[in-house]
Each structure stands twice: as C-alpha cells, then as structure tokens.
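Here is what each chain is made of, one letter per residue.
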Amino acid sequence: MNVLLTIFAAASLTNVFPHIAPKEHYSFAGSNALAAQIQQGAPADVFASANTSIPFQLYDQGLVEKPVLFTRNQLVLIVPRSNPANIHSVADVAKPGVKLVVAATGVPVGDYTRTVLKNMNLGNALNNVVSNETDVREVLAKVALGEADAGFVYVTDARTVRGKVATIGIRWAAQPRVSYAVAVVSTSRHKAAARAWVKALLGKTAQAKLRAAGFLPVK
Amino acid sequence: MIRRIVVFGASFVGIGFLVLPVVAIFARVPPGRLVSQLGNGAVTDALRVSVETSAVAQALVLLVGTPTAVVLARRFPGRELLVALVELPLVLPPAVAGIGLFAAFGRFGLLHTSIPFTKLAVVFAVALVSGPLYVRAAIAAFEGVDENIVAASRTLGAGPTRTFFRVVLPLARAGLAAGAALALARGLGEFGATIMFAGSLRGVTETLPLAVYSEFNVNFDTALAISALLVALSAALLIALKWRPSLSISRFRFAASS
Amino acid sequence: MATLALDFALPLRGFELSLALDVERTVALVGPSRAGKSTEQRVAAGLARPARGSVRFDGEDWTPLPPERRSVGLVFQDYALFPHLDVRRNVAYAGEPDGLLERLRIAHLARAKPAELSGGERQRVALARALARRPKVLLLDEPLAALDAHTKAEVRHELAELLRELRLPTLLVTHDYEDAAALADEVGVLVDGGLRQLAAPSELVAQPRDGFVASFTGANLLHGEAHATGGLTQVQLGDGTCVYSTDHATGPVGVVVYPWDVSLAREHADDSALNVLRAEVTSVVEVGNRVRVRVGPLTAEVTAASAQRLGLRDGGRVYATFKATGTRLVPL
Numbered sequence: 151m152n153v154l155l156t157i158f159a160a161a162s163l164t165n166v167f168p169h170i171a172p173k174e175h176y177s178f179a180g181s182n183a184l185a186a187q188i189q190q191g192a193p194a195d196v197f198a199s200a201n202t203s204i205p206f207q208l209y210d211q212g213l214v215e216k217p218v219l220f221t222r223n224q225l226v227l228i229v230p231r232s233n234p235a236n237i238h239s240v241a242d243v244a245k246p247g248v249k250l251v252v253a254a255t256g257v258p259v260g261d262y263t264r265t266v267l268k269n270m271n272l273g274n275a276l277n278n279v280v281s282n283e284t285d286v287r288e289v290l291a292k293v294a295l296g297e298a299d300a301g302f303v304y305v306t307d308a309r310t311v312r313g314k315v316a317t318i319g320i321r322w323a324a325q326p327r328v329s330y331a332v333a334v335v336s337t338s339r340h341k342a343a344a345r346a347w348v349k350a351l352l353g354k355t356a357q358a359k360l361r362a363a364g365f366l367p368v369k
Numbered sequence: 028m029i030r031r032i033v034v035f036g037a038s039f040v041g042i043g044f045l046v047l048p049v050v051a052i053f054a055r056v057p058p059g060r061l062v063s064q065l066g067n068g069a070v071t072d073a074l075r076v077s078v079e080t081s082a083v084a085q086a087l088v089l090l091v092g093t094p095t096a097v098v099l100a101r102r103f104p105g106r107e108l109l110v111a112l113v114e115l116p117l118v119l120p121p122a123v124a125g126i127g128l129f130a131a132f133g134r135f136g137l138l139h140t141s142i143p144f145t146k147l148a149v150v151f152a153v154a155l156v157s158g159p160l161y162v163r164a165a166i167a168a169f170e171g172v173d174e175n176i177v178a179a180s181r182t183l184g185a186g187p188t189r190t191f192f193r194v195v196l197p198l199a200r201a202g203l204a205a206g207a208a209l210a211l212a213r214g215l216g217e218f219g220a221t222i223m224f225a226g227s228l229r230g231v232t233e234t235l236p237l238a239v240y241s242e243f244n245v246n247f248d249t250a251l252a253i254s255a256l257l258v259a260l261s262a263a264l265l266i267a268l269k270w271r272p273s274l275s276i277s278r279f280r281f282a283a284s285s
Numbered sequence: 025m026a027t028l029a030l031d032f033a034l035p036l037r038g039f040e041l042s043l044a045l046d047v048e049r050t051v052a053l054v055g056p057s058r059a060g061k062s063t064e065q066r067v068a069a070g071l072a073r074p075a076r077g078s079v080r081f082d083g084e085d086w087t088p089l090p091p092e093r094r095s096v097g098l099v100f101q102d103y104a105l106f107p108h109l110d111v112r113r114n115v116a117y118a119g120e121p122d123g124l125l126e127r128l129r130i131a132h133l134a135r136a137k138p139a140e141l142s143g144g145e146r147q148r149v150a151l152a153r154a155l156a157r158r159p160k161v162l163l164l165d166e167p168l169a170a171l172d173a174h175t176k177a178e179v180r181h182e183l184a185e186l187l188r189e190l191r192l193p194t195l196l197v198t199h200d201y202e203d204a205a206a207l208a209d210e211v212g213v214l215v216d217g218g219l220r221q222l223a224a225p226s227e228l229v230a231q232p233r234d235g236f237v238a239s240f241t242g243a244n245l246l247h248g249e250a251h252a253t254g255g256l257t258q259v260q261l262g263d264g265t266c267v268y269s270t271d272h273a274t275g276p277v278g279v280v281v282y283p284w285d286v287s288l289a290r291e292h293a294d295d296s297a298l299n300v301l302r303a304e305v306t307s308v309v310e311v312g313n314r315v316r317v318r319v320g321p322l323t324a325e326v327t328a329a330s331a332q333r334l335g336l337r338d339g340g341r342v343y344a345t346f347k348a349t350g351t352r353l354v355p356l
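Chains as they are written, first to last, in this note's numbering: chain A, 151 to 369; chain B, 28 to 285; chain C, 25 to 356.
Just so you know, not all the hints are guaranteed correct.
To be verified - Computed spacing ranges between beta-carbons, pair by pair:
#1 B:Val46 to A:Ala192: 36 to 42 Å
#2 C:Arg188 to B:Pro104: 57 to 63 Å
#3 B:Phe39 to A:Asn274: 55 to 61 Å
Stated by the list, open to error - No farther apart than 30 Å at their CA atoms in a straight line, the calculated lysine-lysine pairs in the DSSO-like style are these:
#4 A:Lys216 to A:Lys354
#5 A:Lys245 to B:Lys146
#6 B:Lys146 to A:Lys268
#7 C:Lys160 to C:Lys176
#8 A:Lys314 to B:Lys146
#9 C:Lys137 to B:Lys269
Unchecked claim - Reference excerpt, derived from the structure (chain C facing chain B, CB under 10 Å, subset only):
#10 Ala69
#11 Pro90
#12 Arg94
#13 Gln101
Honestly, the hints are just simulated from the structure, not real lab data. Just so it is clear, CB atoms sit at the ideal spot from N, CA and C, and this is done for glycine as well.
Could you put the whole structure together from the sequences, leaning on the hints where they help?
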C-alpha cells in the first residue's frame, strides 16, 4: 500500500490494528463517537466498529459501503490488582458502596455491559456506577489506576494491562454476541486502497494476529 | 491607504474568525428547537450539576484565592517561584491536571481520599483550572493599589485588617471582579480535568461541557442546544462584567495621582 | 512640651542614614533629594524600621510600635487621599472631623471626591485628615511641593499660621530652603544621610557650617586658597583676584558672600570695603521689590531704586564690593 489511509476504529482495537498495519493514520475512540464524526463529514477511509448496529446505521444513511464482520470479542470484569472492594465474582459488583465504572450507553461496550448485567439479573449494580466513560480504554484506565473498584471491558483490553488488573470471567451464557464490523467510508478518496485494506483484514495474517491478541474468530 | 486596508482587513478576519463559530451554533438550530431541547432531562440535569459545582468552586476560589493573592502581592524572596507554581495549572493540559488530581487526592494518591467520582471531584477540577486565573488577576489588582494610600491608612490608625477591608479591597474591587468573572467562565467550560478525575455520571458529575461531549455521540441537536446554552451563559457573564460602569478601573486610576 | 526623639541609623542606597534629632517645636529637614529626608519621616511614622536606634515620644518607646499604634499624623507629598471616599469620609477616617472642615475651609467640598479637587484643596483635606486623628506629632512630607508657584505663597502663609496654632511637635521635609525658613523654628540640613547643621534659619544664614549649607541657603560660594596676612586672611580666587576676610582659615576654602551684602557702583569709591570685583552685568532679575543682579561670579541683591539709578538694565561693567567682615570662610 503506498497510500496512507485514515482508519477510524473502536478503542479496543488500539493495540492490535497498528500491529496488523503499522503504517496508517489511526483514530481510536468509542465507536459511536467516531460514527458521529463521520456523520459530520470527518475524512476517514475505513470505519471499524465494536458492534454491527452502528456501521449498518451509517450504511442506511449512505455514509459507508456495506459493513462486513471481521472479528468477535467477549467481556470480562476487571478489578485493580489490590482489589480494594474485595470483588471475587461478577455478582459482587452489586454490593453496596462498590465504585463501578462502565462505558456510557451508545458506546458498544457500554451497551454490552448492560446486557450482561441484565442477563445475570444484576440490574441493580447500575446503581453503583460512578462514571459513564466514552470508550472502553477509559474504563480500563480508571480500574488500572486503582481509582475504580471494578469495570467491564473486553478480554482483549484486560490483556494490555496484565499485572495491573485481575480479571473475573463472565460465563458464556450471559455474554452478548459481540461482533465487530468494518466498512469503507463512502466519501473516501482512496476507495480502492480502502477496499483492499478491508480485504486484507479478513485475510489469514490479520486474522491470526487478532486471535493472538485474544479476539475471537468470526465463526 | 494600503495600510488602512490591511489593518481593517486583518481585524475583520480576526473578529470574524472569533465570532463565527459562536454565531454558527445558533444558525444551525432554529431557536424553537433549541428551546425545546432545553426541556430534555439530560440538559436540565447537566445544567443543575454545572451551576451547583461552579458555584461551590467559585466560592472556594474566592475564599482561598483572595488571601493567597494578598500574600503573593508583596515582595519576598522566592515570590516569583511561588507565583509561577500557582499559575502552573493554567498552562497544563486539563488532562494533565486531571492526572495530577488523581495523584494527589486519588485513592492511591498522596492523600488517600474518596473524592474521585464525586460532585466534590468536579468542584476540585473546576477550582484547579479556574483558580489561578482569579489569583493572577487578584495579584495584579492588589499590586495596583498605591502603596502610599495603604501607608496613609496605617498612619491614620487603621491596622492591617481594617486597612484591607476599608481601603485595599474597595480599590482592588474592579480587578477582583474581572478575575472572578474570568474564573467562573473558565470553570463553567472545564472538561478535561473533570472527565478524568470526576468521571461523567448524569445528575451527579456530568456538567454541561461533559454533556455536550456525550450528547454529540447520541443526539447532535441536543449537543447543539447545550452548546448554545453554554455560549449564552458565558456571554452573559462577560457582558455583565463589561457593562457595569461602577466596576470600571479607570476612575480610580487617575484619582490616585495628585 | 512633649518631644519626639529620633536617634537611629538605617542603611540606604549608597550610604547610611544616621542622625539624632529632637523635635520639640517645628523642625524642617532640608537637603538634596535622596538624602534620606523622607525615610527619616517614614521611620518616625513607623512605616520603616531602623537598623539600630530608637524613636521615642515623651519618654514612650515607639520603636516596636506599628504606625496605627503611634499617635502620628503624616501628610504625604502626593497627599494619598482615598480616591473612593468623598472629602468628609476621608477626613473622618481616623476620627470625628469636629470643625476641622470649617477650620481648613473645605466644608463646602464635603461631598466631593479627591479627583475633583485642586492641589491646594487636596492639601487641606490631607491636613484635616491627619489632624482628625488628634495626633501628638505632625509629619509633613514636602507640604508645598505639589503646588504651583501662585498657590504656594498663599498656602505657605496659611500653613505657618496653622502650625503656630497647633503647637504640636512637627517634622517637615522640604527641598526648598525658603519654605523651611518660613515654616520652621529649626532647620536641619541633611546631606548623604548625616546632619550637616541644625539651627534656627537665621543662624544657618549667618553662620553656615560649610559650603553646602551656605549655598543651600542662597549664598554666593567662591573657591580659593587662603593664608593669613596681618590681621586678616587673604584668599586668592581661581582667577587671581584677592579677597579678604575677618575669618581665620588656611588652605583651600569656600568664600561665602550673601547677595544683600554686595554693593554695586559704576565707579570705584574708596571706602573701608576691601573686597572689589569688577565684572560685566550678565543678568538682572526682579524678585518682589528687590533686584537680583549677576555680576561675574557673584549674585548681588539691591533695591529696585538702586538698580534703576545705576541703569543696570543696560548691562556694562560695574564694581561689586563687599566688606571683609561680611565675607565668611567655610570648609569646602
């Protein structure tokens, strides 16, 4: 690829995308924030979201070409290494006084978190939310810093700060279906290159790197 | 002739550049829709949080900042360094200020407190970024009070405290008010340090600027409405400051000379 | 009468201010600017701390006391009126005005702000304000300096009367010898932080202790080498002329002659006056009903009638004569 593409990608892809394709311009943020920017005319070539609804919304608005699934993920509960609130199971986040940090609704991981809590009948844990962050990495940071007692992130995020946080698994039955989709932006000036980039993302090398980082296969 | 064209042309561009983004906000959304968006619960919650936290932060800044400025208005060894330290938050990126707040007041910070993620955290963040603005203006205001007038008050039997309240404060009033208004306006718009240290929770810590940011991702019109509200508030503050003739400095300036 | 006793030392830029002074009636401190005159007052008021020594009033040690605990009234050179208060509130700052406004003729200005007043009016307000405190000591810093020449004479007269009425120990500071002479009982000449002479105004004129004091009080000062001859001292001036004095001195001296001791004539009359100078009239200035005439290196003061009679306005050469008894010799 000679052309440098501008890739808007979900925050959870912050480490793996540059590993797959080092020489591009990346903008990582909450998928909904990126979508809003694209709606306002931001000059992106490719948009990768942590869910499918957002890219398909943009597709309906004619702002992107047809989105394609390219990877999957799962949620995990993290607590600071020192575990100040003594959390040992997901149910513990509903204990009174726990400082829970989650992403805001509209941010994919925020919606997924609320689905998990609903599935596990832990809706009242939302009373413990002290902050609604704008992307998953902010949730990660606050827990890693030790200021929050617990937070919900993707399992791939937890791996990037191994040592600073302890993870508590969420049983598969309670997990929502987390599918990432990618699309070429309609206003891209480098459509050919963008399409090629997307194709390569679906190719063996990229997929292997995704798996190595903890992402799940598309199935 | 050429020079005049250049000067006026440049100022036209300059003023236009500064005014356009503000005007554009109101041009994008019809006033009717703006007003109806204001009925939106997210907006009223954010307004309440902003007003409450800004008021408390402002009170804090005035109460603590005024004596600070009095002390720093005098000459003493190390004064320059101290003033530079006090003004430091002004030049730091707000996010850095937020990190600093964690490092100082976080659970694992220097003073282990449970302030993060609370309304008080918002007050702290706002006070940290707006305080130095007030202190800097207050120092200038106090320095501007003629030393001889202060000395006169002392020779007339008024001790330092009476002199401060009867002479220094009234004469510094204009500068202090300007500094306070500036600090208040800055505090209302504070984002980076707040979102870091206090997080964002509707009704608790989500201030107007934070609400703009989160609404931007959800409902652009609401974001516009909140932006318009912030602009209106800041403009009202500045206008109130500029149009109060009793607060103008110039009257006292030339009266002080014989 | 109570006395303000100043006896202290304080380092200033370039020299040390050190003097001992008792203020019982009105004392004026005069001298070149930056000699420490205002600093002297600030120490007396408590606005500056001496490095050594004390300020005592009527036996009470004021040295550790801040200004508000000393009973002083200080009138600043630029008056330092409170710009945000009207005249009445300014004056009443320290105490009830009680007739002071009337006495100083500012009652009609009670509601005015300082910015609206003239220089003379401001000075009276500043005085009234200081006096409202019923101070035991009055300190005046260059009381007439901020006034224009026209107002000055009038104000000087009023101020002199006021000081006489008040009978307070007063220390005033001025760079103008004439003001000092008009207002004070004693005048101290302060140069480089030290008192050269402290005496009644007339004594300073009659017996200046050195060249500086003499020229400061308005005398002519010439330079020369002195040696004794017979009963008199002969002084050879720079240009070779010789003058004689009844004072005794040797070596380099300052020769002091007061303008009013110099007589002018178109012809040289032989009389007991031994000192004669012949020179061109270079300037003639009227001062009231007297005339100051510059003749060579000397300034003479004669009556307007004499000036008329001699036709001094036309210039030309005259003889300036003065007696040996009117010729002082002072160290340089």
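Against the structure, the hints:
no., hint, in the structure
1, B:Val46 to A:Ala192: 36 to 42 Å, "violated, 25 Å"
2, C:Arg188 to B:Pro104: 57 to 63 Å, "violated, 48 Å"
3, B:Phe39 to A:Asn274: 55 to 61 Å, "holds, 59 Å"
4, A:Lys216 to A:Lys354, "holds, 21 Å"
5, A:Lys245 to B:Lys146, "holds, 22 Å"
6, B:Lys146 to A:Lys268, "holds, 28 Å"
7, C:Lys160 to C:Lys176, "holds, 26 Å"
8, A:Lys314 to B:Lys146, "holds, 27 Å"
9, C:Lys137 to B:Lys269, "holds, 24 Å"
10, Ala69, "holds, 5 Å"
11, Pro90, "holds, 7 Å"
12, Arg94, "holds, 8 Å"
13, Gln101, "holds, 8 Å"
Going down the numbered hints, you'll see the structure goes against 1, 2, while the others check out.
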